[in-house]
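There are 2 protein chains.
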Amino acid sequence: MANAPHGEAPLRADAARNRERILQAAEVVLAEKGADASFDEIAKRAKVGIGTLYRRFPTRESLLAAISDERLLALSRTSLARDDRLSPTASIRAFAGELVDHVIHCRGLAASLGAVMKSGTPGCHASREEARRLLLRAQDTGAVRRDVSVDDLVCMVTAISLAIEQDGTDPSRTSHRVDLFLDGIAAR
Amino acid sequence: MANAPHGEAPLRADAARNRERILQAAEVVLAEKGADASFDEIAKRAKVGIGTLYRRFPTRESLLAAISDERLLALSRTSLARDDRLSPTASIRAFAGELVDHVIHCRGLAASLGAVMKSGTPGCHASREEARRLLLRAQDTGAVRRDVSVDDLVCMVTAISLAIEQDGTDPSRTSHRVDLFLDGIAAR
DNA sequence: TAAAAAGTGGAGGATTGCTCCATTTACTAT
DNA sequence: ATAGTAAATGGAGCAATCCTCCACTTTTTA
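First to last, the sequence lines map onto chains A and B.
The first sequence begins at 1 in this note's numbering and counts up by one.
The second sequence begins at 1 in this note's numbering and counts up by one.
Hints may be right or wrong, so weigh each one.
Reference listing, derived: stretches of chain A covered by chain B, where coverage requires no fewer than 3 residues with Cβ under 8 Å from a Cβ of chain B [claimed, not checked]:
#	segment
1	149-158
2	174-181
One side of the interface only, derived from the structure: several residues of chain A facing chain B at Cβ under 8 Å [what the hints assert, rightly or not]:
#	residue
3	78
4	87
5	111
6	114
7	163
8	167
What the hints contain is simulated information worked out from the structure, not anything from laboratory work.
Note that the Cβ used here is the ideal one computed from N, Cα and C, for glycine as well.
Using the sequences and the hints, build the whole thing.
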């Protein structure tokens, strides 16, 4: 587990410890109360002053990004690792499905997924890169239209997740929807 | 212009007047500051006490639904009226495109579109009905897959609108995107 | 071990959400 | 017309949350 902000200077020992405490607390609180849980509560649970929380994670988005980071990194790696076993389209399908699963798991993340994915955290960056790679591969083999972008893909994932979160769509419809969207971007 | 809540007892004259004022103010403020604009500001602009606003629209969603209502009703009617002039697929395309336009116009509506459409307001209800009708017709002529639901369609509209709202995609690409996704639900 | 750098906590000002109820206004029945 | 009543109003005010700021503490460095 990385105890440093991906950005620059390494943290002082106590700061790194606190950062970790915050992330753990945040994960619990967010899973419990959704992505708009109060920062005060997170700080309290982490036994850290509110100031410390803000210093480390100036925006809600940066906190969400940090929490998602490891998972996204793992997702990207397994995706990369398996794609010689799957067709380009099937790879995208799998990756998108797993992404939805993660977003659903962090209740409320959906609404800010787009911003989070652009946050530059290693995992977020890696997963955007992986999405790009998947799309390019599929486009090169002629399976997907040329005019589809990574952002289009992220938007799909967002919309599917939102639907599940908000109007209580049955999560089992996820893969059906992913299919629909993917057929939409398929070349023909 | 309906001056009554769709639900029950008709409003008193002054209340109806105020309701209308609120809706007009809300439309302006929401278009200006997005769907999470403060209720206080809306009340102030409508020259109405905050209490009045809450009495009439207890939730943000109910306000959004009321604002969308007339427009959605109109959309449904024109859609119904023109469908002998358009192919089933073209009808859906047109309807979906107009829906996206409306959602874009109410900045921030996209994220709660699903919930709003289920609110039961006459316009929201009518447009869901119209969507259902369009889908069924297209499915009966074999133009669209059997496994596509109204909610799937709403989800797509959400995705397209989100894409435009969030990463500032050029709205002129809307119809292109609608095409993209409609191809996805086409039978083949 | 002392100076410098980094980090901390939480008080507090600002904003917003929402409730509550004394007062005002519109309807209704006579 | 008018009195009675039911509906509607406005905004004070409490609670929750956001986020900044800075006097103080802890770690690192030389």
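Hints violated by the structure (listed by number, smallest first): 3 and 4
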